[in-house]
Each structure stands twice: as structure tokens, then as C-alpha cells.
Amino acid sequence: MLSDLLYRWRALFRRKSMEAELDEELRAHLEHQVEKYVQSGLTREEATRRARLELGGLDQVKEECRDARGVSLVETLLQDVRHGLRVLRKNPGFTAVAVLTLALGIGANTAMFSVVNGVLLRPLPYPEPERIMQIARVSREQGTRASFSSRQFDFWRSHSDPFQCLTATTGVGFNLVGGTRPERVRVLRVSTGYFQVFGVQPTLGREFSAGENQPGGANVAILSHGLWVRDFASDPKVLGRTVVLDSASFTIIGVMPSGFESTSPVDLWTTIGQVASTIGSGTNYDVIGRLKPGVSRRQANAYFATLTKPFLQEFDPEEAKRISSQISIAVFPYNYMITSDLHMPLLILFGAVGFVLLIACVNVANLQLARTATRSREISIRIALGAGRLRMFRQLLTENVLLSLLGAVGGLLGAYWGLHSLLALTPTDLPHAQNIALDRWALGFTVLVAVLASIVFGMAPALRASRQDLHESLKESGGRAISPRNRLRSALVMAEVALSLVLLVGSGLLIATFANLLRTNPGFDPHNLLCLPIWTTGTQYKSGAQLSTFYESALGRIDAIPGVKSSAVVAAGSPLEQGGNDYVQVVGRKDSEGFSADYREITREYFNALGGRLLQGRFFTPADSAGAAKVIIINAAFAREHFPGLNPLGQNLTLENDTLEIVGVVSDVKSHLDEPAPSTMFVPMAQASYGIDQLFQAWFPTTVLVRTAVNPLGLSHAVEEALRQSEPNMPLGESRSMEEVLSRSIAYQRFLMTLMSVFAGLALVLAAVGIYGVMSYSVSERTHEMGIRMALGANRREVLWLVVSGGLRLTLAGVAFGMAASFGLARLLGGLLFGVKPADPATLIVVTLLLTAVALLASYIPARRATKVNPMVALRYE
Amino acid sequence: MGNERIDLPQGTLDLLILKTLALEPQHGWAISERIQQISSDMLRIQQGSLYPALHRLERRGWIKAKWGASENNRRAKYYELSRSGRRQLEVEETAWRKLTAAVGQVLETA
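Protein chains in written order, with the working numbering: chain L, 1 to 878; chain X, 1001 to 1110.
Keep in mind the hints are simulated off the structure, nothing from the lab. Be careful, since some hints might not be right.
In silico BS3-like links for lysine-lysine, alpha-carbon gap of 27 Å or less [said to hold, decoys possible]: (1) L:62 x X:1019; (2) L:36 x X:1066; (3) X:1019 x X:1098; (4) X:1098 x L:36; (5) L:62 x X:1066.
Distance ranges between label pairs, derived from CB positions [to be verified]: (6) L:54 x X:1086: 43 to 53 Å; (7) L:441 x X:1048: 46 to 56 Å; (8) L:440 x X:1069: 18 to 28 Å; (9) L:27 x X:1086: 54 to 64 Å; (10) L:53 x X:1071: 58 to 68 Å; (11) X:1093 x L:89: 35 to 45 Å; (12) L:50 x X:1086: 30 to 40 Å; (13) L:441 x X:1086: 20 to 30 Å; (14) X:1071 x L:52: 21 to 31 Å; (15) L:440 x X:1086: 35 to 45 Å; (16) X:1093 x L:463: 23 to 33 Å; (17) X:1048 x L:440: 44 to 54 Å; (18) L:487 x X:1104: 32 to 42 Å.
Sample of chain L residues lacking proximity to chain X, with all beta carbon distances greater than 10 Å (derived) [to be verified]: (19) 29; (20) 56; (21) 57; (22) 61; (23) 345.
We put the beta carbon where it would ideally sit given N, CA and C, even for glycine.
Make the full structure from the sequences, and use the hints.
In C-alpha cells:
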């Protein structure tokens, strides 16, 4: 086979000389033949003619020889590429429009793919991450819930056959004192086995032992690489040193390698056993395991399905008795659990951007169809000269791939720029946001998309062109009747309109949602309000009364700052943020076995600083001190829900074994803009349970709220200084204006709305270009007809209407199809909407009008050109 | 003339070319002339299939080409049988004989 290779090699790289040899060989043959005929008595002319005839199409013979050589595949490809580039260069207008269109479509897709890949698809940075699974209970009513109690974790530990190892984690926070300044560290409490599950061991020291992971076990900690570098100067002898967390000493027993990141950032790890029986932590275990090698998720799920019944019998006997219990236990890939909320919205956006690309492809296909009409003579001539139809098809396809790859290059540039803007928009808590990049996956995706796109937009025109009827197109003018080509083009435009309608509806619904959120009253005035998180765990204040005294003195300093109107402290949750809740009972209600309500501890000026209104009763006063009768204020939602038609004032509630009298009802303040305010109860800081206060700080910082007369951020330094002077050993969080908090609370919706609107905008522009292209082409094709109509007395307005109505018909048909499809998208969006129904008539009407207006404009321009047709010129043109 | 020409069955052209070249190296035109003469004008090779066949055989390594002067002093491309071509010729000749014998037998007896 060496000769074969050599031959092909020579044929490929010495193409020129081989072509020359082939020429010469065939010429020699011809001369021999002519010679023969001359000798047999023919004239030289007659001999030449006959020899030529016998040889047949010289180019055809050559082409077949090239084929026989077997190199033709590569060679024709090179030839096609060269030819394609030449064709594209010769039509700069067409090339520019097509490449730009594709660049928009491909660029948007690449950018969006980078997000989807970084957030959803990229495997977690642990060995064999696909084996890491989290246990969850799934029910139709409650969705997927992954929190278990410590006792339930013990149950899973004794039923964990599919797992090689199993661990429980719960996230908390601690005050770390002793570094350069007090700081709040993010801590993950874990059981033994955690490091085996994630397959990473400490670089220094060891992991936790079973003895340490028990109530009463030694306090030990493993540092993250970041904390080790930051607070311990990368000390290699750090093992055995102690770190003070919330005034308790922890012995450092290990340091993790620098690459190891928990899925939400963590500064240090300690054991979970100590909190197994505490409120809060002890009931918020994430249970994560590593499957045994060779065990599939399906097998694991089969195993856990059999455990659902025993599990419910032990922990939820009521549910276990229900015959139609919908609850089941299942395992989910850990990566999926972290990002489960994002799957739907990101995939919707990805689908939307796919639509944009489809529209771009449709546009280019339309351009191609228009061009093949003008190129049909070139193609017919080439076919007549012996180019095979397959060859022609391949040639046109090559052109398309070239076009698409040029578009991909433009798209990558666009994506590079677009991704920056996109990242600036992403909500700060988007998981794995640091993974979003134009990496080799994105590059590969771009190339794949470009090639697929070229097939999508190139197939129909190429097929049509290579199949065309020679006789028809070689006849001078081809025929001016409406050809089937026009029907195809019209169908494509309709598809385009339908696709953009779907995106516009989606974008319209999300815009309406966002506008509704912006219009929503949070229940207070966010203007000129500063928020500063603090944590008092481990400080010198050991009771609610001491905390209250400390807050009052610190708030006194803050109130003295010029520009401050009032200030307050709220613990266990700040406005517009998730907060703590607790069980409470109405005294004297026999049937009531208690209910859960949001719980806050506040200083006296809280409602004043926030701008909340008193609806009934009174606010707290200095008289509501630690020793005084216990009092409580509830919000309007609480009153509505639990005292409907009753006067709540004077009623008593039981909370943590204390009886508290309701002394006031205040207006509602929202925790989430898109949800009604939760039932909330407020206790005065001085009377608050110290244990509950400290417990809640593990998840919700205490917040200092400062109402200012000036730009609140301008005062943040002074406020921080005042707090530091009051208590140097208390970590401070980041100061924010309440307006920023508000804006962050809807960052996610803003992200969705903006992206969807950008995609819908792109779709609209591309669709407009598409309609314009088709209409202006059909006008130019019908110049003759227009001329006749006008010569026969049609006036300009009739001609104008003729064209515009054509465009309008296409648009309305597209709208009808799109409307049907948009219901599907709206249903998917359902859960993301606020204050607007998926089938919102206003949105549908506005979007239809917008699309129709754009379509009218896009067909009006060519229509005007049609009215300018001079009948005489148009008729003479034939 | 030539009304009685018969079409070559698929694949036989390669065999004929190899056989012709087994005598002496020839250029393309001479090969077709030779086949035509020997077959008393019964077989006429279309140039459209001759040259692609020559290139195909060359690629397979059964024939080799070199340029030389033809009888009327023109430069012509001469093809000659390679060693593997000679083996191939034997294989194909045997196969052909077997085929024709078998076909003949069927025609005789059936």
C-alpha cells in the first residue's frame, strides 16, 4: 500500500505538475488519433473533429481521472474552499450581512453556553465527581428537600449499602478573634468521612477522628488554604496551634490544599457531632455520599426506594400511614442539587438563544435562496460543463461552512465582549460563577454550532441549486412567475416571525414581572437607609439585657454622627432577607398546637428608623426591660392569619416557655418582594432569649439600620468607627445602602429579564431584516408586474398596499404560529413570573402590535421602491 | 463499421489493459489501438474510461508510468507492468477463464 500512499501524496502536493502531465497525455492521445485518421485519408480538419468527438468531454475525462487518482476528496475540498472564498470576496455586501447575522447568533449562543457550561455542566473539581450524591426526600407537594436531622442521618448511616462513605454537613458562622481584626468566618461542620466523600485529604495534618465528632468531643479545626495564608502567614508549624472561635478554643489539626473549595466557600471545617442535638444545626444536615465503584445512580435509587417506608415509619408515622403517600427517597448528583434552582431558567435562556440562532440561520438561508436565483446560470453552466450535481452540492455546502466559520470568528469576538457584560449582570450568589469562561469547551461548542448552522441554513439552498433544471435556467430570463422558491422563502419568514414572537412574549412577561417587582412596596422606605451586619457571638455580652445595653450605647454614638436621623438594631433577620422563625402558641386556644412564625429581636427605634407604621397598640419603650413583664409586637400578616376578626391586643403568646403579651400591631415588611410578608413577631432586645439570639446568628447576622438625611454610604465609615469604638472585638460585615439590598434581592429577575430581552431584541431585528430582504427581493422580481399594473392604471397607493399586504400576511401567519408556541414557553416561565399570568393578554397584544409595526416598516421600504417603478422602464426591461 | 461491437463487462477493462501491457510498455492510445486490433474491431475502448482506468491501476501500483518518445517522436506517457501487476494479471486471468468456462458450461448444458 506504500505505492498508493506515495501516489496520493504526490498527487496532492504536486497537483500542478500532475495536472500538466494529464493534459499532455490526453493531448498526445488526440494527436495520435488525428494522425491515424489523416493517414486513412481524411482531411486534417475532419480528422481533428472526429478525434475530438470520440474523446468526449475533455474536462469530464480529466475529472474522472482525478477521481480515479483517489485524492480528489481532499483536493476538491481545497478547490471548493478556494472557490468559496473567491465567491464570498466577490460579493462583499452579501458576505458582510450573512457573516454579521451569523456572528450575532453564534456569539450569543457561545456566551450563553459558557454560562450553562460553567454553572450546570462542568463537573465539580473533585476526583470522580459523578459518584458524589446527595440524599433527598422528594414529594409532589414539597418538591425536593435535602435537610435531615442528626437522628435521620444516623438512620442513613446504618442503611448506606450503595455508598462507599457517607457524610453530613451543616454550614454555620463563627467570630474569629485574634487576627489583624475580628472577622466572621464561614464554617462547615462535617462528620467523619467528609474528606473521603470529596476525595481530597488535608495537605498538612489529618482529618477528623470519630472521637472528635461527638457531643463533648475535643474542639478541632481544619483550615482552608485561604485562611491559612491570610491569618496564619502560611505557617508550616500551624498544627497544634489554637484558633478562638466564638470565645472557644479550637486546636488546628489540618490544612486543606489550595485547590480544594467547598461548593459554597468555607474558611474552616470542624466537627458536626457537637451540634447533633441542638436546635437548628441538629436538624439541618445535608447528607452526601460517594457511591461505591460500579454502583449506578439507578441502583442506588432502587435501594433507597425500598427504604422510604421504614424511614417514614420511624420519622413521619402520619405520612407513612397515608396510602397515597407521594414521598420517596432518592439520590441526586451533588452538582445537580447545588444548581437545581437554576436548571429551568438557564435552560430557558439557552433555548431562547437557540431560537436567535435559528432566526439568524433562516435569514442567511433566505439570502442564499435569493442569491441562488441570480447564481442559477453560473451553476447551470458549470453543470453543463461536466460538474457533477453532487460536486455542485458539495461546493455550495463548502461555501456555507466557510460563511459559518467566519460568522463563528465574529461570534467569538462578540461572545468575549458579551460575556463581560453578562458576568456584570449575574447575581452575586450564582453558584460556580467563577467557572464561566470562554474556554476550550466554549470554543468546541462554537465550532460545532457553526457547522450545524451552516447545514441548517445551507441545505435547502444547496439542494435546490444543485437540482435545478438546466434548460429552464439556461433560457435567458428564467420566468417571472412566482416560483416555488418564493413559497419556501415565505415559509422561512413566517418561521422567523413565529420564533421572534415566542421570544418577545417571554421577554414581555419577564419585563412585566420585573416592573411589578419594582412597583412593589417593600413595606418601608429604602431610600437613605444604611445596613451593616454585625455578629455578637463570643463577645463579652452574655445575656439579652447586656446585649441591649451594648446596642443602646453603640446606637447613641451613631445617633451623634451628623446626618444620622435615627438608628436601630434588628437580630435574626433583616428586611428583604431571609430570617429566623420559631414556634409560638396562642394562650387559651385549646385546639392550637402552635405554629411557626418569623421571629425578630429589635431595639426601640426599629420601626422608626425603618419607616414602618404602627397600626394598633404601642411600640416598645424603655420600660420593656429585662425584668419587666414580657411583651411582643406582631405584624399585620400575623394578626390577619391568627386573629382574624379579633383584637390581638392583650392576647398572650407562648414562646420558648415564656408568656408574652401582644402590645402592638405594625405594618408588614417583606422578606421577599415577590412573596407576601410572612407572619412576624418582634420581641424587645432586652427581653430576648440569649440562646435563641446566639443560635440565629449562625445563619442570620444581626443588622444595624441607620436612617440618614444624606447619602447613607457617605456615613458608613463613621458608623463603622462608632461600632468599633463601642466593641473592638466584634466583626463588622459590609455596609450597604438598603437600595442596594433591594436591587440585589431582584438581581436574579433582572438577570433573566435582561438576557431574555436582549435575545428577543436580536430576534426582532433579525426578523425585520428577514422580512425586509424577502419583500425587497420580491419587489425586484416583480418589477415587470408592477410596471404592467401601473401602466393599466393602478395608482401608487394600490401598489404600495399590494407589497405591504404581502408582508403583513406573512407576519400575521407567523404571529398565529408563534402565539401557539409562546404558550408553551410561558408555561415554562410560570414559576418565574410575578404579578402577571403566563397567558397575559396585554403582553400578547403589545408584542403582536410591536411585531406587526416592525414588519410593516420592513415591508414599507421596499413597497415605496415599488411605487417608484417607471412603467415604461419596467416594461422595456424585458 | 463497428456495428457488432460489444460492450465490455464491468471490470474486464483492467484485465485487458494488464494483458496488453504484459507484452511491452505502451502509451494510452497504443493500448486502445492494440486491443481494438487484436479483437478484430470487436472491442473498442472509450477514451473516457481508458484514462481513468490507467490512473486507477497506477494508484494501485500494478502499472508504472514514465515519459518517453513515441514512434512519431512525440512525448508520450508509457505504462509498464510492475511485479505486483504481473501477479494481479495471473489472478485475474485465471478468474476470467474460470468464469467464462463456467458460463460456457451452463450455456451448453442448460
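Evaluated hints:
1. L:62 x X:1019: holds (24 Å)
2. L:36 x X:1066: The hint holds at about 23 Å.
3. X:1019 x X:1098: With Cα atoms ~17 Å apart, residue 1019 of chain X and residue 1098 of chain X stay inside 27 Å; holds.
4. X:1098 x L:36: violated (37 Å)
5. L:62 x X:1066: With Cα atoms ~19 Å apart, residue 62 of chain L and residue 1066 of chain X stay inside 27 Å; holds.
6. L:54 x X:1086: 43 to 53 Å: Once the Cβ atoms are compared, 31 Å apart, the range 43 to 53 Å for residue 1086 of chain X and residue 54 of chain L is violated.
7. L:441 x X:1048: 46 to 56 Å: holds (51 Å)
8. L:440 x X:1069: 18 to 28 Å: violated (59 Å)
9. L:27 x X:1086: 54 to 64 Å: violated (30 Å)
10. L:53 x X:1071: 58 to 68 Å: violated (24 Å)
11. X:1093 x L:89: 35 to 45 Å: violated (55 Å)
12. L:50 x X:1086: 30 to 40 Å: holds (36 Å)
13. L:441 x X:1086: 20 to 30 Å: violated (56 Å)
14. X:1071 x L:52: 21 to 31 Å: holds (22 Å)
15. L:440 x X:1086: 35 to 45 Å: Violated, at about 53 Å.
16. X:1093 x L:463: 23 to 33 Å: violated (46 Å)
17. X:1048 x L:440: 44 to 54 Å: With Cβ atoms ~49 Å apart, the hint holds.
18. L:487 x X:1104: 32 to 42 Å: violated (60 Å)
19. 29: violated (5 Å)
20. 56: violated (5 Å)
21. 57: Answer for residue 57 of chain L: violated, closest chain X Cβ roughly 8 Å.
22. 61: violated (5 Å)
23. 345: It holds; residue 345 of chain L is separated from chain X by about 58 Å at its closest Cβ, greater than 10 Å.
When each numbered hint is compared with the structure, violations occur for hints 4, 6, 8, 9, 10, 11, 13, 15, 16, 18, 19, 20, 21, 22.
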